[in-house]
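Residues per chain, in single letters:
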Amino acid sequence: MSGKTLYDKIWDAHVAHEAEDGTCLLYIDRHLVHEVTSPQAFEGLRMAGRKVHAPDKTIAVPDHNVPTTLDREKGIENEESRIQVEALDSNARETGIHYYPVNDVRQGIVHIVGPEQGWTLPGMTVVCGDSHTATHGAFGALAHGIGTSEVEHVLATQTLIQQKSKNMKVEITGKLNPGVTAKDITLAVIGKTGTAGGTGYVIEYCGEAIRSLSMEGRMTVCNMAIEGGARAGLIAPDETTFAYVKGRPHAPKGAQWEAALAWWKTLYSDDDAHWDKVITIAAEEIEPVVTWGTSPEDVLPISAKVPAPEDFTGGKVEAAKRALDYMGLKPGTPLNEIKVDAVFIGSCTNGRIEDLREVAKILKGKKVAEGVRVMIVPGSGLVREQAEQEGLAEIFEQAGAEWRLAGCSMCLAMNPDQLAPGERCASTSNRNFEGRQGYKGRTHLMSPAMAAAAAVTGHLTDVRELA
Amino acid sequence: MEKFEKLTGIAAPMPLVNIDTDMIIPKVFLKTIKRSGLGVNLFDEMRYDREGNEIPDFVLNKPQYRAAEILVAGDNFGCGSSREHAPWALRDFGIKAVISTSFADIFFNNCFKNGILPIVLPQEQVDLLMADAEKGANARMTVDLENQCITTSDGIEIPFNVDPFRKHCLMNGLDDIGLTFEKKAAIDAFEQKAAQERPWV
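Residue numbers (this note's numbering), protein chains in the order written: chain A, 1 to 467; chain B, 1 to 201.
If we strip away everything but chain A, and leave its shape as in the complex, we get (with noise of 0.2 Å):
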């Protein structure tokens, strides 16, 4: 019999019952909670008389909605935001389940607050009704993002019902490159195997180059697991992961601590076990990279031009003729070639502490270009805190960049925070679709570093030509 998968060994400890036809009720440890995709099924709940079953391991926090701007405790304007962000407080107050409103410093982007809280732990099943949910697989936990109906599920039972995935492995080997980065990694990946790549497989990320990434560099790798069509994105923990985890508010203490300690050490994919789908990329190869079209897999290195729709075959064809016309790109074009009117930094793929160091790196004594718009919000209220202590806001401010409030801002622009129509935007969050970031917005995705080198020369720029 071959040996375990992570993947293996965290469903094998999370089955509560499995069917003959091996359909499963996988436990669930953690569930998270944002306004957007919760109201119906606390609704549905309430209507055929259930109780959330969990409530002590449920957290919900608002961050799809909320504004962005320093004025924030004027209230939200839309009517419509109001009133979700609302019935999630209601919900949450009525329910006992844990719970950071707006105003408390704790409140960010949902994958932000899970790990920085010590909720997300190594071998645990997370679940949220948000793809980016794969954001917690940095930690060695199977998470994955689930529908209304699921979320609703979860509430009533503590359980999901589940088939298993197959295993694939990515491995990057060697070191990365001075200016190349963990979103750099992930985008290459997605650019080798598609947005349809993943699909029916839980990934694990291997190999040096993601051991030496820090906790923070992981969280963006597994993030974008759900671009590449993956159920979810795993990275086996470290010691890496436990200082990291050590001392969070809900993470075990003492003696807890010490067999919690054990049994995730036990927590890696045999040498013998049995991979699906096998993908190896040498770090030394990947460039910093930005995408020019529409969907997550349009990656090309910076130093690359603008590709033309006879570059590809099948149905690839036409949807990238639509992309270029979307994005308003001629074939030939360098990318470093194109400016831009916007930069957005933060998201739960890049508003972490270390994206923000990396930003105010290349933004020291700099100024942002004549007429582009740089906003930077900060993944959470704590990391917004630190980010002030170390003297990072005061960088950004003095570049004259937009220095804001938590929250998923221009991510997907629920908020007031949003691309008007034609403008172009380099962006450290994780879709280029049409529309994400404002009605015929235009995204192009790259890395923290990447995004404020453009920022500094209104283009699209190679960051190592900058240092």
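No wet-lab data here; the hints were simulated from the structure.
Computed from a predicted structure; not experimentally measured.
In silico DSSO-like links for lysine-lysine, alpha-carbon gap of 27 Å or less: (1) K193/B / K164/A; (2) K31/B / K74/A; (3) K164/A / K4/A.
What follows is a set of in silico ranges between Cβ atoms, one per label pair, in the way DEER data are often shown: (4) K253/A / D127/B: 53 to 63 Å; (5) G178/B / E86/A: 28 to 38 Å; (6) S153/B / G22/A: 28 to 38 Å; (7) R322/A / G37/B: 25 to 35 Å.
Just so it is clear, CB atoms sit at the ideal spot from N, CA and C, and this is done for glycine as well.
Here the structure of chain A is known, so what remains is to put chain B in place on it, guided by the hints.
For chain B alone, coordinates are given in the frame of chain A:
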């Protein structure tokens, strides 16, 4: 949930690949706290101009496809967000089955929870059904879930696979939560065991 047994209806062709959840239902419509009423905004940015006028070229605005109940779509339909608003909008419009070579995982799950049958078929068969859908309103397709078979307007039969548990739930309109409550003893036992083995959770 409404039962799905057998459906004969108009199929609309949407050959574009990677139709994402932001296209299916843009985020401005996610601010609702209800499940109903999203059909009018299905594919909003492709379907209407900024002033709210219909874009005549868009498939569901064409007279022959306005009453479509089936979509035949390009690869990787439903990629992106976990928003269940996507299947809610499709269902509210009247779409009960979607056929493609592949679907994004979360969207695929969400369909079954809302009485929509997503069907995965090889490229050649999707191409054949796409061509059938191109024929317009007079060419009606039949999707028979019980016998797991699609019949084109000219009588070609294409069998498809579906997970038996999901088929059972869809055909009987079953509520997942009710079914899971039947296994409450197993959940309770798991919780007791887990509290011993991993008390820090």
